[in-house]
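Protein chains in written order, with our numbering: chain A, 160 to 493; chain B, -18 to 267; chain C, 56 to 691.
What the hints contain is simulated information worked out from the structure, not anything from laboratory work. Be aware that a few hints might be false.
[Stated by the list, open to error] Derived SDA-like pairs: lysine to any residue, alpha-carbon spacing no greater than 25 Å straight-line:
#1 C:Lys479 - B:Asn119
#2 C:Lys479 - C:Lys496
#3 A:Lys169 - B:Val94
#4 A:Lys190 - C:Gly590
#5 A:Lys302 - B:Ala184
#6 C:Lys378 - C:Glu636
#7 A:Lys169 - B:Asp88
#8 A:Lys190 - B:Phe121
#9 C:Lys378 - C:Pro508
#10 A:Lys302 - B:Ala235
#11 C:Lys496 - B:Ala19
#12 A:Lys404 - A:Val387
#13 A:Lys302 - B:Arg(-9)
#14 C:Lys479 - B:Val26
#15 A:Lys190 - B:Gly200
#16 A:Lys190 - B:Asn119
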Amino acid sequence: MPSFILFAFKRFLQLAAVIFAGTSLAFVVAKLSPISPVETIIGRVTNRASMSPTAIQSLRETYTELFGLDIPLWQQYLNFWGRLFTGDFGPSLVAYPTPAIDLILLALPWTVGLLTVAVILTWIIGNLLGGLAGYYQNSRLLKAVGVVAIGIQPIPYYIVAFLMVIIFGYLWPVLPISGGFAMNVRPGFTPQFVLSILHHAILPASSLVLVGMGTWFFGMRALVSNIVTEDYVTYAELAGVEQRKIVSSYVMRNAIVPQLTALAMALGGIFSGTIITEQVFAYPGLGTLLIRAVNGGDTTLVLAVSCISVIAVATAIFIVDLLHPFLDPRVRVG
Amino acid sequence: MWTIIRDLIRYNIEFAIGAMLVGIIVIFSLLSFFSPYAPNDIYVVFPDQPPSAAFWFGTNSRGQDMFWNLTFAFRNTLFFGIMVAVLSRIISITVGLLAGYLGGWVDRSMMFVNDIFVALPIFPILILFYFVLRSDLNMFTLALIMAGLGWPFDARLIRSVAIGLRHREFTRHAVFAGMSPAKIMFEEHLPYVMPIVFSTAMANMIWSIGFEVTLGVLGFTNLNVPTIGTTLYWANNHSAMVVGTWWWIIIPVALIIATFLGLFLLAVSMNEYIDPRSRLRRMGGE
Amino acid sequence: MRNVTTLLASLGLAASLFSAPVLAQEDGAVPQTDFPREETLIVHNPEPAATNPSMFNLWVAGGGGNVSNGLQQLMMDTLWYIDPDAGLDGAIYNSLASDLWQYNDDFTEMTVNLREGITWSDGEPFTADDVVFTVETQMANPGLAWSAILSENVESVEAVDDHTVHFTLSQPNARFHSIFSVRWNALWIMPEHVFAEVEDPLSYDFNEPVGLGPYTLHSFDPNGFWYIWEKRDDWENTTVAQYGEPGPQYVIYRSIPAIDNRLIDMVNGDLDMIHDLTPEGMFSLVEQSETSRGWFPGFPYAHPDPTLPMLIFNTQNELFSDKRVRWALALMLDARQISMASYRGAATLSAIAIPPTGTHPADYHAPMEEWLVNYELDLGNGETIQPYNPNTGAEIADMVRPQFEDVPTDEAAIKTAFGYGWWKQDIEAATALLESAGFTKQGNQWMTPDGAPFAFTLKTFEEGVINRMGTMVAQQWSQQGVQVTPEVAPQIFGQDLPLGEYEVATAWSIETWGGHPDLSFFLDSWHSDFVVEPGERQPSRNWQRWEHPELDALIERMRVTEFDSEDNLQIGREFVELMVEEMPVIPVMSYNVFSAYDTRYWTGFPTAEENPYANIVTNWANSRYILTQLEPAGAE
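Only chain A is shown next, with the shape it has when bound in the complex (with noise of 0.2 Å):
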């Protein structure tokens, strides 16, 4: 169907614009920060000794040639991309000279694999409570989940976490509140090691599942009450279409297309990193280091991470238009 591909062309030149003009946003952004990687060296050069003007000025030199900040702002920029596209973000300037993708490659595994499993999961927890509740409006218990969910809803993210760790780290300790594998444990493909990982990631898990699901909840019982009242449930209901299958095939499968498109979204998002996640269980992942890169000035490291979760969320979104027309027979590729 040459109107699809001409489609998927549209859309990809689409794709490119925006991680261009995201990428391009970034490094302005970035760029504009008062905070001078090479004031911050000699800071932690001169720490001790008291050197004299001349002296500083002559490191001062030296750092920034060695930083290539000593051209034009639009020929960094130019390199900026001639780099990008090989993948290399050039060094970090706060671990000098270890290359920013290598630090970022260090962090990534932990910020996907827990946020992955903790989008996923409130994804499925939500939407099923949210469709079952929207179908079965009048069961005490989906109603008594709602008003809890409501009531979660609100409370601050920090709090949530700071709250888990107090009960099951102090109150009833349980569980770890930090790191994100025991210490006595050598990293490997042993069980241990990956048990290891998951008895740690509990509570940052659920925390961001408790936090996460009220979203999906409400969002597909909204629209499961409104696929209730379609003429096509009324009809199976009527021709004595056994109920389980009804919940499943004729109203959850029509109401999971658009979650399905937000949850594309939310797996795009995960490459900024749950910073306060981070914050509160001591564990590793992109948002310490986005944090960390920022505050020690360190604009190749922030513009990598922030590249690289522009180009996750924009590729998100482009995969989901392309799975669109598949998905919802409704939708007619124009």
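Fit chains B and C to the known structure of chain A by using the hints.
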């Protein structure tokens, strides 16, 4: 308008509760104008006192009376939320109506920009702004930034409604009658999208206040301005959770839950108002 | 049910992503070690998790590795250590050096004798060549942290024999040895046999590290949250051996960014030493855990570090160039309220420009108190006042006594804990001073001689006690008609202070050895040679950019005065008097760190009251001596 609200309060318990909760919080925040203490002064009362008849909400470890301190915090936070909501509504209405009514290349280019904004990672960008602006990042600047980031989803929603309106009979009549596009959009179409505008405004406030709290807890806002976020920041800074000054955390959290719950109920009930089918179901008595 | 299939597929995807961290790690075959608590000391490292976890080359400035993760405490060594407290056998330790520094008469040469029989952790013997290599490598690579100061001071360095090093200096400097004397850190000696093989010492990560300390690296978190160190089998070949065998077989240093988690971990028995808590956290910890305590057995708990939090005036700013204005601002303050607001009363105040810690009170605060009591301040209107109140510390002790147990009552103990006196709050005198400086008061607002409102911002830390101090000071000044806005500056030492982007700041420009009266550690850098023009970068530590001919004369005298001499102490006291006279900074108190330790698994920690042999603040390299005194608690 008033009859709508009266109907809502009468037939929709959710709206009534929501309006009451939001009303209480608004009145509470207005009390700040009568506060006996300046918002930032510390050690004006004896620290760490639990709630009592003298100090309804207790005092914190900085020697502030939490009752009066929170009136300032809620005033600033609410003002911030409303400002973001109003500004981002203006953008989303304009973009949504223009794109929906005019269609064609206007629609395509606007939705193109829209999609760029959707793809931006909001939190990293906010943190970047903080480090660029630092103490210049006051509530107003932050509200402008948040408004600049908080419109695209709602603009798309409004656009989809506007597309539908474009093909309606009355629009064609208006065109034949020689009404200018601007007039059609803002006089004929705007009233139709207003319910969406209101309900998304509530959701937008929850969203922006949530970010304010998150930024505040991390210390990435102007810490000299009392808000819900900075209140929690200072509580955390004095280990309130583990040293037993629970009122420093529980009370602001309870109040923010009341606020969000109120806004949420208002949004939900307005959504139902928009969708007459579910309203009829409700009024028909289930 | 196609949905279920979709869901299962997503779950599978999630599971595979979840195990992704496994793929990111290398080596899997290392046997698992359990760290039995009776053999393991668990220490809190205040650094955030390392950005570049496998970086151990701590000579590079800004490599992204951690430093106080045990690396500098347990693996590094250098010639001397000067303790911030009393020390095991006096504050000065001869570490790699076998005795003290030896200068020639005009302080242009220094000779060091080295200890024999010391080996690197890989078995190589330590010799004078390592010291020479270290100095020459630093000088040859400007990106290394100690390069500049060595280049400015060293003419040449040579190994006279295997255990003697001779330095020829480019200018007289009686304090050259301080480069090799640990106060928090110092220039660590590099292993020549490792670094000589390295092409670029700036990009070398030094993983596995080779050191002279009693421990070696056992393992570390690939994400930089923890580092585990194991006692060397040949610990007897290291310099701490003379004080006994280090107790723990393993030492774990952990980064714990969330402050409350530290408390929780200690209460749960998962942490033996905490670097710092909030004051409130400290009070709560000792209430909840019987085995936990701070430096002092009761209130005020915290360890006073030899660092002096103060109000720093930017003296290049015209507003603060007049000492009458600086004095007036000092007299507007109420130190008791500042102590309560910042430290909940647990501050150790100091009216003079010397931290009231370690051996300093005996050298400065006590002997100079009489001079302070009699000190007369000229108000400029023909009147003089005696601004010093010797009882401020005692007054604060009285204020906190109803609230806390164990507040000392003995006068000497009060002075150790709460400090000696401070300046009286004297609004009348402040008014007289400001008026004589040409300021006028309109209503409750002071106006500058130019007729503008007297208003400025006070930059302060973004959290902790220093932030609270700044907020309180700004409030007190504002109440007296000077419009002061506190502003948090997260990069205050990296950006605001060195670049002079501030009017008044709460920070410190005075840090001392603590266990020794010598002031060169900060004072040398206060020479006017180092003061730059406004807008340029000020080298540390004269952040106030203050110049005074008498100050230069004192510093020049100090550069040719024996470190360990009565003359040197005399220079210090003259410095104190000059600072009182000029008030370029308002000294407030010592930087008291709410460090805590738990005696559930280990005993033998230093205490303020009985055995103050070392600083319990964990990130100081000097804290390594504590390990030699530790014994498992179950041992008796």
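Cross-check of the supplied hints:
no., hint, verdict
1, C:Lys479 - B:Asn119, "37 Å, violated"
2, C:Lys479 - C:Lys496, "22 Å, holds"
3, A:Lys169 - B:Val94, "15 Å, holds"
4, A:Lys190 - C:Gly590, "21 Å, holds"
5, A:Lys302 - B:Ala184, "21 Å, holds"
6, C:Lys378 - C:Glu636, "8 Å, holds"
7, A:Lys169 - B:Asp88, "15 Å, holds"
8, A:Lys190 - B:Phe121, "23 Å, holds"
9, C:Lys378 - C:Pro508, "19 Å, holds"
10, A:Lys302 - B:Ala235, "22 Å, holds"
11, C:Lys496 - B:Ala19, "22 Å, holds"
12, A:Lys404 - A:Val387, "13 Å, holds"
13, A:Lys302 - B:Arg(-9), "22 Å, holds"
14, C:Lys479 - B:Val26, "23 Å, holds"
15, A:Lys190 - B:Gly200, "22 Å, holds"
16, A:Lys190 - B:Asn119, "21 Å, holds"
Violated hint for the displayed structure: number 1, the only one.
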